[in-house]
Amino acid sequence: MSVPSRGLRLTVNADDRFLQVATSFVEKASLALGLDERAALDLTLASEEIFTYVCHKASPGALISLASRGGGYYVEVDFGFEAREFNMQAFNLTSRVARRADESLEETGLVIASRMVDRFHFSQDGRRLRITLVKERSYPAVEALPLPESKPLSMFAIREPDPEEVKLCVRLVLRDYPPQAIPFSFRSPGKIADMVSCGELRAAIAVDRGGSVGGGIVWRWRGSKLVQSFGPYLFAQTIESGVGKALVDACLTSIARTPAIGIISHSLASDLAAGFFEPLGTVTIRLKDGRVHENALYYRHLEEDLGLAVWSDPAIEPFLRREYERLAFAREIRTVRDDGEAAAYAVLSAGLDREAARATLHPIWWGRDSRETLAAHVNMLQKEGLPNIYFEMDIGRAWHCHFAPALMECGFEPRLLLPYAGEGDLVVFQHRGG
Amino acid sequence: MSDWALERLQPEYVKRFEPYVPNKPDPELMKLYGSSRLYRLNNNENPLGPPLAAQEVLRRFAPSRAAVYPSGDSFYMREKLAGRFDKHPEQFLVGNGANEVISFVMKAFCEPGDNIITADKTFAVYEWVADFSGIEARLVPLKDYTFDDQGLLDRVDERTKVVFVCNPNNPTGTYWSTDRLRRFLDAISERCVVVLDEAYFEFVEADDYPDGMRMFDEYPNLVVFRTFSKMYGLAGLRIGYLAGGRQLVDAIRRTCIVYSVNSLAQEAAFAAVEDREHVQRTREMVRKGKDYLLPELNRLGLSCVAHEGNFVMIQLPISDTLAYRKLMREGIMVRTMTGFRFPNFIRVTISRIEVMQAFVGALARVLHSQRGGATDR
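So the protein sequences, as listed, match chains A and B.
Numbering that gives the first Met the number 0 applies: residue 0 is where the first sequence begins, and numbers increase by one.
Numbering that gives the first Met the number 0 applies: residue 0 is where the second sequence begins, and numbers increase by one.
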């Protein structure tokens with residue numbers, strides 16, 4: 000549940016003649032919403048690429064809506080347009096890359112634009128297509144400041160932190176925890192403070208009467224049904240102290256009567272997890288410097304499971320059955336069959352997070368060339384320096400399962416099962432890399 | 000209707016809601032969870048069913064009467080309640096379950112900008128109806144599992160219209176004594192309406208437990224809720240009521256939905272209301288069930304919150320929602336408490352001994368499987 004605070008909107012024809020109107024809108028809006036000139040220029044140039052690309056692919060008379068929003072620590076620009084006006088295949092990131100041997104390796108405007116922003120996402124909601132560019136404000140790198148010595152708290156209370164306490168907590172996390180346990184965004188304490196201030200992140204800390212901080216936890220919405228939490232991070236507190244449990248309690252209590260139906264927990268001590276969460280599995284994190292580590296994720300359902308029918312392909316059915324048995328979710332598994340239906344081409348949407356060196360692919364359309372399309376995406380994303388490649392399959396949608404054999408052939412493997420994270424459950428595949 | 004039209008037509012506060020998804024019917028759940036039995040220990044229903052007189056009404060109800068509208072304002076039912084409690088029929092409003100009478104009160108007194116006050120860990124419907132109506136719900140933390148009277152008073156301001164007190168509280172079973180309730184009502188004075196939700200009234204045997212129905216003359220701002228869904232075993236027919244001083248009930252009547260209570264419910268409740276023997280039998284079953292269950296829970300190393308009412312809240316060393324799923328595989332349905340803001344607690348309805356034995360056995364197996372060790376059962 001992101002909380003963009005302010006927004007502006009512009010609708011123009013998908014026509015090159017409106018390019019300057021569009022770029023001026025993005026630039027002025029970005030500056031007004033808090034980006035510095037350098038960041039605003041990057042976002043404007045990226046928007047120019049997207050606008051030009053979309054104009055070239057559009058039918059005459061098509062409209063593009065630009066929406067610019069400020070979320071405190073970032074500015075986001077959405078390009079929205081109707082699918083019926085476009086050839087969907089053009090929105091594969093790879094649509095102009097080596098699809099035919101005699102074609103030049105010209106890159107799409109989508110790829111070029113993605114390099115100028117922090118996050119890029121192409122998605123589809125019914126007939127509505129959406130390209131989102133996110134540029135974050137610049138924050139100074141964390142400085143080595145003297146930090147208070149942490150000590151066990153004899154009495155503590157749980158409360159929301161003020162911005163300075165947020166930054167202190169982040170610095171304590173950076174001091175006390177190994178890099179693999181720390182989210183990338185924690186590298187900028189000011190950014191976390193801004194994320195909390197604008198409501199994108201919620202936070203709770205444990206403090207004693209003297210103001211000493213014994214621990215903290217943050218959480219945020221991931222779509223409309225899932226919450227993602229980081230921590231609790233404990234500073235000189237044992238599990239037995241109850242600080243960690245109280246922080247998890249505070250997080251769970253705050254989302255108990257919201258639409259959230261599940262919470263995914265990161266950076267959680269396994270002995271604390273046992274009382275609250277179920278191990279979901281691990282994903283492999285490949286850092287830009289070449290280091291590799293396994294990141295454990297935990298899950299907790301927040302409601303009584305009503306049971307569900309899901310779709311499957313024989314290629315992933317053993318994984319599904321094992322996970323449903325382990326997590327004790329009641330599911331009726333229905334198998335999809337390939338009966339030779341015609342489907343010309345596959346389309347994937349991509350979400351790119353360059354800071355985390357991560358790309359997440361989602362199916363937009365299934366086609367008989369899905370193996371080639373997947374392979375081309377993997378190839379391109381690896382060349383872009385994004386070694387952490389995921390594919391999210393919503394097994395509440397039967398046609399998503401048609402991708403399963405191609406995924407396996409292209410080096411993906413199912414890693415996580417997220418209950419109710421899509422129309423049905425979501426299977427997260429990860430590319431093995433290499 | 001296009002997305003755009005929906006976007007424009009729907010109020011912002013309604014867009015934030017997720018539709019409530021009730022449990023699937025029992026046969027569907029049994030099929031999904033692969034269990035051949037299902038003990039419903041989730042809704043605090045009475046396993047003894049309705050009183051015998053009410054059962055007789057249900058048996059004799061002529062199918063042809065389904066074609067005729069019911070009494071729009073539950074005329075005979077209100078007369079019966081008036082006789083039973085020595086009140087005037089106009090002091091009662093009957094609704095389609097207690098949930099509906101909560102809405103009557105909220106609509107009668109609150110408009111956007113107003114607030115209601117209740118506890119953070121209590122029956123969720125006060126908060127839901129407020130949210131759904133665009134009314135602020137101010138939530139006061141329980142103190143020692145009990146409604147915090149001073150905490151509630153501290154939150155009252157000039158826009159506070161209703162304070163909801165669940166007595167005994169669902170799910171903790173704690174209650175305010177008569178003295179404590181009087182002190183609270185005196186302190187509130189007539190600044191706002193006080194709703195005393197007595198859904199579990201008939202289960203309480205303590206001498207100092209107050210009977211709100213006897214306090215209307217002293218406190219004209221007091222409303223009492225009661226239901227036929229719990230003690231009287233008529234949950235499937237949906238009938239509950241509110242009572243209060245005549246002036247107050249007249250004000251609430253303006254927002255009351257008529258014809259919402261069906262004929263069968265009215266007549267079964269009419270027959271049930273005088274059956275004190277049924278109340279005694281149910282109390283006896285609950286007493287025996289708790290006498291069996293509490294030592295067993297202790298033996299499993301589990302702590303619980305067990306006070307008044309036909310339910311017990313149990314703290315688990317694992318996620319309550321995981322326990323729910325594993326117990327469902329064993330054919331036992333309990334209520335998870337994360338939604339009540341008690342993570343890792345489950346609430347269990349007290350039932351017959353053999354059902355309680357089945358529950359304890361299933362719970363022991365679930366905990367054993369989580370610990371991965373041997374159990375003593």
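Because the hints were derived from the structure by calculation, they are not lab data.
Idealized CB from N, CA, C, for every residue including glycine.
Mixed in with the good hints there might be a few duds.
[Stated by the list, open to error] Sample of chain B residues with no beta-carbon within 10 Å of chain A, all distances over it, derived:
hint	residue
1	Tyr32
2	Glu55
3	Arg64
4	Asp153
5	Cys303
[Claimed, not checked] Rough simulated footprint, nothing fancy, chain A against chain B, three-plus residues with beta-carbon under 8 Å:
hint	stretch
6	19-31
7	318-330
8	339-352
Against the structure, the hints:
Non-interface status of Tyr32 (chain B) relative to chain A is broken: a Cβ of that chain comes within 10 Å, the nearest being about 5 Å off. Its beta-carbon lying about 35 Å from the closest one in chain A, Glu55 (chain B) satisfies the requirement of being farther than 10 Å from that chain. Distance check for Arg64 (chain B) against chain A: the nearest CB is about 35 Å away, which clears 10 Å, and the non-interface claim stands. The Cβ of Asp153 (chain B) lies farther than 10 Å from every Cβ of chain A, with a closest approach of about 18 Å, so its non-interface assignment holds.
With a minimum CB-CB distance of about 17 Å to chain A, Cys303 (chain B) clears the 10 Å threshold, and the non-interface call stands. A count of 6 residues in the stretch 19-31 of chain B with a Cβ less than 8 Å from any Cβ of chain A is obtained; the coverage claim is therefore met, three being the minimum. Residue count for the stretch 318-330 of chain B with a Cβ under 8 Å from a Cβ of chain A: 8. That meets the three needed, and the coverage hint holds. Coverage of the stretch 339-352 of chain B by chain A holds in this model, with 4 residues showing a Cβ closer than 8 Å to a Cβ of that chain against a need of three.
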